[in-house]
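Listed below, chain by chain, are the residues.
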Amino acid sequence: MNSARENRSPDAIESLRTEELMINMGPQHPSTHGVLRLVIRTDGELVSEAWPHIGYLHRSFEKIGESVNYNQVVPYTDRLDYLASMNNALAYCLAVERLAAIEVPLRAAYLRVIMAELNRIASHLVAFGTYALDLGAFTPFLYGFREREDILAIFEQASGARLLYHYPRIGGVARDIGPDTVQAIRRFITVMRAAWPEYNALLSNNAIFIKRTANVGIVPRAQAIAHGLTGPCLRGSGISYDVRKAHPYSHYEDFTFAIPVGEGKMGTLGDCWDRYWVRMVEILESLKIIEQALDGLPQGPFLAKLPRTVKVPAGEVYVPCENPRGELGFYLVAQGKPQAMRLKVRAPSFCNLSITNALARGVLVADVVAIIGSIDIVLGEVDR
Amino acid sequence: MMSPAEIHALLRTRFGAAIADFVQPSAGEPVLGIAPAALHDVCLFLRNTEETCFDFLRLITAVDWTDRFSSVYHLYSYNHYHSITLSVDLDRSNPCVCSVADIWPAANWHERESFDMMGIVYQGHPELSRILLPLDWEGHPLRKDYRAPEQYHGVKHE
Amino acid sequence: MHSVIEEIQRFSPGALFWPLHSEWAWLVYALAFACCAALALAWMAVMAMAWTYGERKIAGFIQGRIGPNRVGPWGLLQPIADGIKLLAKEDVIPRISSRVLYVLAPALVFIGALLPFAALPFSERLVPVDMELALLYILAFEAIEVIGILMAGWAPGSKWSLYGGMRLAAQMLSYEIPMGLCVLVIVLLCGSLDFTEIVAWQSTTAWGLEHPWILGWAIFRSPAALLAFFIFYIGGLAATKRAPFDLPEAESELVAGYHTEYSGMRFAFFFMAEYASMYVICALCAILFLGGWHGPLPVPSVPDGATITGRWLEFTGSLDAADKAPLLRLAAASFELFQDPQSMRIMLREAIGAVNMLGKSFALYFIMIWVRWTLPRIRIDQVMYLCLKVLLPFALGCVVWTMIQVALFP
Chain C
1 MNSARENRSP DAIESLRTEE LMINMGPQHP STHGVLRLVI RTDGELVSEA
51 WPHIGYLHRS FEKIGESVNY NQVVPYTDRL DYLASMNNAL AYCLAVERLA
101 AIEVPLRAAY LRVIMAELNR IASHLVAFGT YALDLGAFTP FLYGFRERED
151 ILAIFEQASG ARLLYHYPRI GGVARDIGPD TVQAIRRFIT VMRAAWPEYN
201 ALLSNNAIFI KRTANVGIVP RAQAIAHGLT GPCLRGSGIS YDVRKAHPYS
251 HYEDFTFAIP VGEGKMGTLG DCWDRYWVRM VEILESLKII EQALDGLPQG
301 PFLAKLPRTV KVPAGEVYVP CENPRGELGF YLVAQGKPQA MRLKVRAPSF
351 CNLSITNALA RGVLVADVVA IIGSIDIVLG EVDR
Chain R
1 MMSPAEIHAL LRTRFGAAIA DFVQPSAGEP VLGIAPAALH DVCLFLRNTE
51 ETCFDFLRLI TAVDWTDRFS SVYHLYSYNH YHSITLSVDL DRSNPCVCSV
101 ADIWPAANWH ERESFDMMGI VYQGHPELSR ILLPLDWEGH PLRKDYRAPE
151 QYHGVKHE
Chain Z
1 MHSVIEEIQR FSPGALFWPL HSEWAWLVYA LAFACCAALA LAWMAVMAMA
51 WTYGERKIAG FIQGRIGPNR VGPWGLLQPI ADGIKLLAKE DVIPRISSRV
101 LYVLAPALVF IGALLPFAAL PFSERLVPVD MELALLYILA FEAIEVIGIL
151 MAGWAPGSKW SLYGGMRLAA QMLSYEIPMG LCVLVIVLLC GSLDFTEIVA
201 WQSTTAWGLE HPWILGWAIF RSPAALLAFF IFYIGGLAAT KRAPFDLPEA
251 ESELVAGYHT EYSGMRFAFF FMAEYASMYV ICALCAILFL GGWHGPLPVP
301 SVPDGATITG RWLEFTGSLD AADKAPLLRL AAASFELFQD PQSMRIMLRE
351 AIGAVNMLGK SFALYFIMIW VRWTLPRIRI DQVMYLCLKV LLPFALGCVV
401 WTMIQVALFP
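Residue numbers (the numbering used here), protein chains in the order written: chain C, 1 to 384; chain R, 1 to 158; chain Z, 1 to 410.
Derived by calculation from the structure, the hints in this document are not laboratory data. A portion of the hints provided could be inaccurate.
Said to hold, decoys possible - When the alpha-carbon atoms are kept at most 27 Å apart in a straight line, the in silico DSSO-like pairs for lysine-lysine are as follows: (1) C:K337 with C:K311; (2) C:K265 with Z:K389; (3) C:K311 with R:K144; (4) R:K144 with R:K156; (5) C:K337 with R:K144; (6) Z:K57 with Z:K85; (7) C:K288 with C:K211; (8) C:K288 with C:K245; (9) Z:K159 with Z:K57; (10) C:K288 with C:K305; (11) Z:K57 with Z:K89; (12) C:K63 with R:K144; (13) C:K63 with C:K245; (14) C:K265 with C:K245; (15) C:K211 with Z:K89; (16) C:K63 with R:K156; (17) C:K337 with C:K305.
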């Protein structure tokens, strides 16, 4: 069911051309995932340009990072990608620990992995739900939130918070988890494994969903790399790269898991459906990691013995982490003071979003929504 | 896979004095200092050479060292799984360096953000404008000597 | 003698005081018309309100949540609370809008949704106005709604509204043609545009059975009609702008489409019109393809020409003419009516017919809601492709098949 415009000759399109319309999508718009603003130039339903305008949620994270102590930055990192707070804080702590050469206890590393992977699942469930919402299906959203609720309950048990956890700390984690939390996580793994086929029956294999996402917003391999896409967007284009595998951190090398990549199963390699499907399969892979981490969870301290103020020697470090949305990197420049001299975030959503205009040329208005949704941005991270 | 020292040696033989001496820091990762004039050629070389093949531009950012600025480039290679950090020192009165947006399209937004926050001008950038802050914002907030404005369009902050 | 208008003329106390041939007959007529209009409006309003509640409860059930449960028992008063809230809202008219069109649009949409109710039967005799061209009448007024929505898309001067309006125009051109052809299949088979006759035809001999029960339904009589039913229903989803064809108001693309700039009661008109026209489409489906008030509950048969008012007039006439107290006479006649087995039989027949009819309509309505909360939205070019390149050829095939069938086996 290719659209009619593709079959039309260029002359026919030229003869139909009428006045172009500039429309402003957002910052208050239901499908811009927060406060993204897109200025779209359209000819009827056909989009010729889509410029993203960002910055509506800028909260000066990097400036704050230069003025508060290393420990005090951790809660701010929670607010970058607020759907994956655990992963953000983990990446920041790893950056500080690498520069200050802090050894993290094994139990803490495992706990971090468990929480990061649970948060990845929670984040992908939101991505699944909001993507369905963007395409006009409301129900998958609530199905996704049903399982996410279990994860948030686990986080609440572990950290006391449901969205912004402040759980990973420099040198370990804030609190240990008890046997009841382990039980809850194991229960969740069973629940999630049972719910996963339900999602596919409801959305992934739905004919309309496939028509809307397959062959739409195709990112070829080379373009994905050149535009700096990371995470599911990169893997959706068929590149098997995952920071957890390529440069393992926090003892990821102890676990066996696969890197799902796009295969063009429903259309062309690198289309919206591929990016979506990579996220869905990653949920299963994360479950595997959590299971292994729970099985091998060692006893011991959960926080390294550190002075109240972390001593970070002068130096620079860039630490990449595999976040649900891509490679989150913290570039830390220290001069031996209690505060960082420069703290720069490589936000995956920011980099992934920059491809929007390249993808939006010549698609329909409805496809723009499908493309933005498949990139899966969080504006808290784009604007920082 | 090449270590930063090996990459430095390779660049030295190709570009000579445009590459600063290699320093292994006591903490953190080494950074290769590049002369501003040579930056574009070095980047092109690093991307196109078989052994280095830096196809992925992770990040461009800028650091204010109070006496100078530096524009920092984090590169990565999906073929060799190695990374390198380049740094270009810029004059504080006229921070100006050529854009690499033609080498990596990913540089486009990073350079815009660096311009927005630190005021570094990337010559040859297709549309160098503010990206996070409003277009009429004054100053570049991540500079160390930045003073937050008293008010913005009549909105005062206490 | 079996439309409600006519029944009311006779049934109303007016008929006792001023017989139809008197000079006050126009008053009786006027009263009858007013009652009918009020009934149709009330039924439409009840349908719309009940189904907004129904939709939210069903959506809640499908999504594993509770749905409205705060206002009244089980949240039953929720639609009323919503109505009051919408009434209390500020009436905003955008400054740059074309005022006349802006104000007129919701009224036109509402009228377009209301008028079909005049010809929608509940059962054989429970119909506000029994007309021979009922089918044509309903299809015509369903289409009027589209003009109102185009106006609503144009008038506020919002680009999102304009997109919604233009999408609807494209969509209407796509779904109207296959839907019209599907109706043609039934008209060809039955040879009438009158609902009573269409339903009566579906209870005549079929498959060699004199009382075919549900096998008499159009969908079981001819494969063309079965296919036409599905095409008509899918077209109906598009006609009522329901998911997956809710492009004119696609909230994740066009903010809210044609009703972006409408608030308060004007928005409520659009809202009610949508729910009302869903009922119209479902009722049409039930009448045209699913045997209307025939089956699955068996309907008792009555002698030809027997009507409730006929019996009632007999009773009023048979009472002592010397008794001049009309109200007393009325009461006595009504009492007699309930004692009379034939009248009860007629009433029972109408009641069972109405249950059949509403049951089928509501089942179809439920499926519409089910579909909405299950499927994603399709794209505008896919709507046009589906309607014009898939449904239209099949609908044409159905018509050709039926024409051959009618020509060969009349």
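Hint-by-hint comparison with the structure:
For the proposed pair K337 (chain C) and K311 (chain C), the alpha carbon gap of about 8 Å is at most 27 Å, so the pair holds. Distance restraint check for K265 (chain C) and K389 (chain Z): the Cα-Cα separation of roughly 26 Å lies within the 27 Å cut-off, and the hinted pair is therefore satisfied. With a C-alpha separation of about 22 Å, the suggested pair K311 (chain C) and K144 (chain R) falls inside the 27 Å cut-off, and the hint holds. Taken as a hint, the K144 (chain R) and K156 (chain R) pair is honoured in the structure, with Cα atoms around 22 Å apart against an allowance of 27 Å.
Simply put, K337 (chain C) and K144 (chain R) have alpha-carbon atoms about 15 Å apart, close enough for the 27 Å limit, and the pair holds. Distance check on the hinted pair: K57 (chain Z) and K85 (chain Z) sit about 20 Å apart at the alpha-carbon level, within 27 Å; holds. Under the criterion of a C-alpha separation no larger than 27 Å, the hint pairing K288 (chain C) with K211 (chain C) is inconsistent with the structure, at around 31 Å. With a C-alpha separation of about 14 Å, the suggested pair K288 (chain C) and K245 (chain C) falls inside the 27 Å cut-off, and the hint holds.
Restraint check: the Cα-Cα separation between K159 (chain Z) and K57 (chain Z) comes to about 33 Å, which exceeds 27 Å; the hinted pair is violated. Only pairs whose Cα atoms come within 27 Å are accepted, and K288 (chain C) paired with K305 (chain C) is rejected, the gap being roughly 31 Å. For a cut-off of 27 Å, the pair hint linking K57 (chain Z) to K89 (chain Z) stands: about 25 Å separates their Cα positions. Between the alpha carbons of K63 (chain C) and K144 (chain R) the distance comes to roughly 9 Å, so the proposed pair stays at or under 27 Å and holds.
With a CA separation close to 32 Å, the supplied pair K63 (chain C) and K245 (chain C) exceeds the 27 Å bound. Our distance criterion of 27 Å between C-alpha atoms is met by K265 (chain C) and K245 (chain C), whose separation comes to about 24 Å. Distance check on the hinted pair: K211 (chain C) and K89 (chain Z) sit about 40 Å apart at the alpha-carbon level, beyond 27 Å; violated. This hinted pair checks out: K63 (chain C) and K156 (chain R) have alpha carbons roughly 20 Å apart, not beyond 27 Å.
A hinted pair counts as satisfied when its Cα atoms are at most 27 Å apart, and K337 (chain C) with K305 (chain C) qualifies at roughly 20 Å.
When each numbered hint is compared with the structure, violations occur for hints 7, 9, 10, 13, 15.
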